[in-house]
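Required output: the full structure, derived from the provided sequences and hints.
Protein chains in written order, with the numbering used here: chain A, 34 to 460; chain B, 34 to 460.
Just so you know, the hints here were simulated from the structure itself, not pulled from any lab data.
Hints may contain errors.
In this list, chains with the same sequence are indistinguishable; a pair is considered to hold if it fits within one copy or across any two.
Stated by the list, open to error - Taking lysine-lysine and the DSBU-like style, the derived pairs with C-alpha atoms no more than 30 Å apart in a straight line are: (1) K92 - K349; (2) K258 - K349; (3) K258 - K92; (4) K258 - K137; (5) K349 - K137; (6) K258 - K44.
There are 2 protein chains.
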Amino acid sequence: MTTTVRENALKCRDAAAQIAELPEDAKNALLHAMAEALEAGTTDLLAANARDMQGARDKGISEAMLDRLALDESRVAGIANALREIAAMPDPVGQVTRRIQSDKGFSIERVRVPLGVVAMIYEARPNVTADAAALCIKAGNGVILRGGSEAVNSNQAIARCLRGALRDAGLSEHALMLLDDLSREAMLELMQLSDIVDLIIPRGGEGLIRFVTENARVPVIKHYKGVCHLYVDASADLDAALDILIDGKTTRPSACNSLETLLVHRDIADAFLPRAAAALVERGVELLGDEASRQRVPTMAAATDDDYATEFLALKLSVAVVEDIDAAIAHIRHYGSDHTEVIATRDEAIANRFVHALRSAVVMVNTSSRFSDGGELGLGAEIGISTTRLHAYGPMGAESLTIERFVLRGNGQVRHGRGSAAAGSEA
Amino acid sequence: MTTTVRENALKCRDAAAQIAELPEDAKNALLHAMAEALEAGTTDLLAANARDMQGARDKGISEAMLDRLALDESRVAGIANALREIAAMPDPVGQVTRRIQSDKGFSIERVRVPLGVVAMIYEARPNVTADAAALCIKAGNGVILRGGSEAVNSNQAIARCLRGALRDAGLSEHALMLLDDLSREAMLELMQLSDIVDLIIPRGGEGLIRFVTENARVPVIKHYKGVCHLYVDASADLDAALDILIDGKTTRPSACNSLETLLVHRDIADAFLPRAAAALVERGVELLGDEASRQRVPTMAAATDDDYATEFLALKLSVAVVEDIDAAIAHIRHYGSDHTEVIATRDEAIANRFVHALRSAVVMVNTSSRFSDGGELGLGAEIGISTTRLHAYGPMGAESLTIERFVLRGNGQVRHGRGSAAAGSEA
Chain A
34 MTTTVRENAL
44 KCRDAAAQIA
54 ELPEDAKNAL
64 LHAMAEALEA
74 GTTDLLAANA
84 RDMQGARDKG
94 ISEAMLDRLA
104 LDESRVAGIA
114 NALREIAAMP
124 DPVGQVTRRI
134 QSDKGFSIER
144 VRVPLGVVAM
154 IYEARPNVTA
164 DAAALCIKAG
174 NGVILRGGSE
184 AVNSNQAIAR
194 CLRGALRDAG
204 LSEHALMLLD
214 DLSREAMLEL
224 MQLSDIVDLI
234 IPRGGEGLIR
244 FVTENARVPV
254 IKHYKGVCHL
264 YVDASADLDA
274 ALDILIDGKT
284 TRPSACNSLE
294 TLLVHRDIAD
304 AFLPRAAAAL
314 VERGVELLGD
324 EASRQRVPTM
334 AAATDDDYAT
344 EFLALKLSVA
354 VVEDIDAAIA
364 HIRHYGSDHT
374 EVIATRDEAI
384 ANRFVHALRS
394 AVVMVNTSSR
404 FSDGGELGLG
414 AEIGISTTRL
424 HAYGPMGAES
434 LTIERFVLRG
444 NGQVRHGRGS
454 AAAGSEA
Chain B
34 MTTTVRENAL
44 KCRDAAAQIA
54 ELPEDAKNAL
64 LHAMAEALEA
74 GTTDLLAANA
84 RDMQGARDKG
94 ISEAMLDRLA
104 LDESRVAGIA
114 NALREIAAMP
124 DPVGQVTRRI
134 QSDKGFSIER
144 VRVPLGVVAM
154 IYEARPNVTA
164 DAAALCIKAG
174 NGVILRGGSE
184 AVNSNQAIAR
194 CLRGALRDAG
204 LSEHALMLLD
214 DLSREAMLEL
224 MQLSDIVDLI
234 IPRGGEGLIR
244 FVTENARVPV
254 IKHYKGVCHL
264 YVDASADLDA
274 ALDILIDGKT
284 TRPSACNSLE
294 TLLVHRDIAD
304 AFLPRAAAAL
314 VERGVELLGD
324 EASRQRVPTM
334 AAATDDDYAT
344 EFLALKLSVA
354 VVEDIDAAIA
364 HIRHYGSDHT
374 EVIATRDEAI
384 ANRFVHALRS
394 AVVMVNTSSR
404 FSDGGELGLG
414 AEIGISTTRL
424 HAYGPMGAES
434 LTIERFVLRG
444 NGQVRHGRGS
454 AAAGSEA
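Okay, structure coming up:
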């Protein structure tokens, strides 16, 4: 096993060098071929997914998790179309992001180049397998994926389609490695291969994130939980706030950009909370509130301190009434996960205060947290939503899988010439 | 001790929140005040430096290291002026790097915000203390510095001046922490404070880099060694190549952007090597070569395999004759450190091949490696040169100490509305 992980990673790195050299047209043709291979393989894919679903049901997995795992024809078509959308996005590789003419006479360019080899360890959601592979290839990288055990059959079926497209294009299929069977020891080895792997993205719950951050020597960008907040200020348009609340909580509770906590300014709590609670309960949402919320909605259960820090990923919402915007900000700073926060307000000064005071990756004024998504934010798709304050923060598209470097072109410029030596504090 | 590191880091984080809020003018005024405080403190600073120099001499430290450590009036003026140059650079904080109007009617902005708290562990070179502090503050961050034991008196004197300027501006001096006395255990604690510290930059030799990368839970950007290469192709202008070689090796051998290895195409080895060797030896450079080099320059000592991977930081150069550009690229890939590589050539196709084939942070055509420096590349100054392929790669200025996040402003937009539920593979 020991040699296998390293050998596989080396194969991926060699294959990545091929991908890095591909012109834009060839990469996009490859992504289209991958989309077609997925559609052509729908029957196999759904059969593989059915085995995963059965296994998950046997294990008694929650409805939210089953929903994340489930594929049908329209979801497969959605996955294929996401690859076509990625193909349609601009190629980040080779982009010159800045061009400076030095006063010494040489030119300086900042040029985007691929990262190299990207590893991702993730849980459930088979579409992530295709999105991650496609984004890495678009950005000229090799990719090593280690999916969750629940989705193993689905992920393998997807990877077979995508690797087939690589082979058909005359490329090494090792540019996409699905190492689903990696043991804990082998994963440890993978995340310490800092001479081969350039980035590791753990995408999942607390246990996975801690396992990776505590053990990785490869740079890590976390896609950690989304404890997303909606704060309804006294200045809010309450109809709009209710729309944002319902959309944020009920349209896909298993997504990380769904709302987990509602904070309501006390001055509009009487007007808003009972109405909001009725609308949510009607849609099957379980509410957990503080004292002040339960005074307004007596049917609400009591929230514990832990509830406010929990990503339910289900039809469940924690609720609190706050004194003012400062209390809302303090609550979010204390319990939040730096993912996505929303304020409903018609007061621009209040909105700006909320935006500036919070350090979350995505901060929104009067829109649904469900827009916190690479596709919605113009990235085409996303490999994840970074909650690490480095390199990328928030939804990560293909550009986030590249790095800018410096290219200088001159005609013999030197810093000091033959006679002189350096002085002062220069580097 | 255990509580002290965490407590200090928390103080720095609180102070950083003040710095993050400072308007551009206030930050620049602060940087000017810091420059003046350094100049006003020159006498104390030189006295402190003299103690460090004495201690270093007593320990028998190399000439290259003594040169890195030494301050005089002109170097202090240089440090102060570097702060003024940083003040004159554009403020990265608040910059809107992209603005998109969503087809759903809300606006999306990518906005630069400070990282938070930046820690740096570094060796020697007291000017780094001032540069790092100033760049972090320019970018709205707090900074925790742990300098080398050789420079402890100089660093403390510099930090006293800079913290005085913070106090005089009515700010908390904790925005700049110099924790010079941190034990190994305390450093371990610092680099695991992932809830407080946002980035750690180790800048130094192999031992330090390994210590940090093996133990940090905070994200790491390495400033590792610069094994910089000059490849002189058969197509080179040999006069220009000689200028680049002399500048790169002799003007400041203790700098990481100095050349460590010369690779010469065999077709011009007879014409170039004896001439280059004479010019270098005349300037005190010791040469270590392979068989083919020593045939051309018999006085040259034999290079070991290790020599080609060594950052000498001294008047010492390893030399090899190569078959062609492919052999040069293979050599650099094998022995290089991803820092800076130079090709001397008049053939554009050869130049492009070199640029594309190498993954180093800075790749140059016909210019001196000594330009691989934040100041020279338009960044004003640098906190280090990243050899980590993430976030920043190559010289890092103030912008590299910020991160882009997403701000959305709408008027009630939702993704699905009240009735519908999500479909397909969406997040």
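Inset, instruction - Identify every previously stated hint that the structure contradicts and give their numbers, smallest first. - result: none
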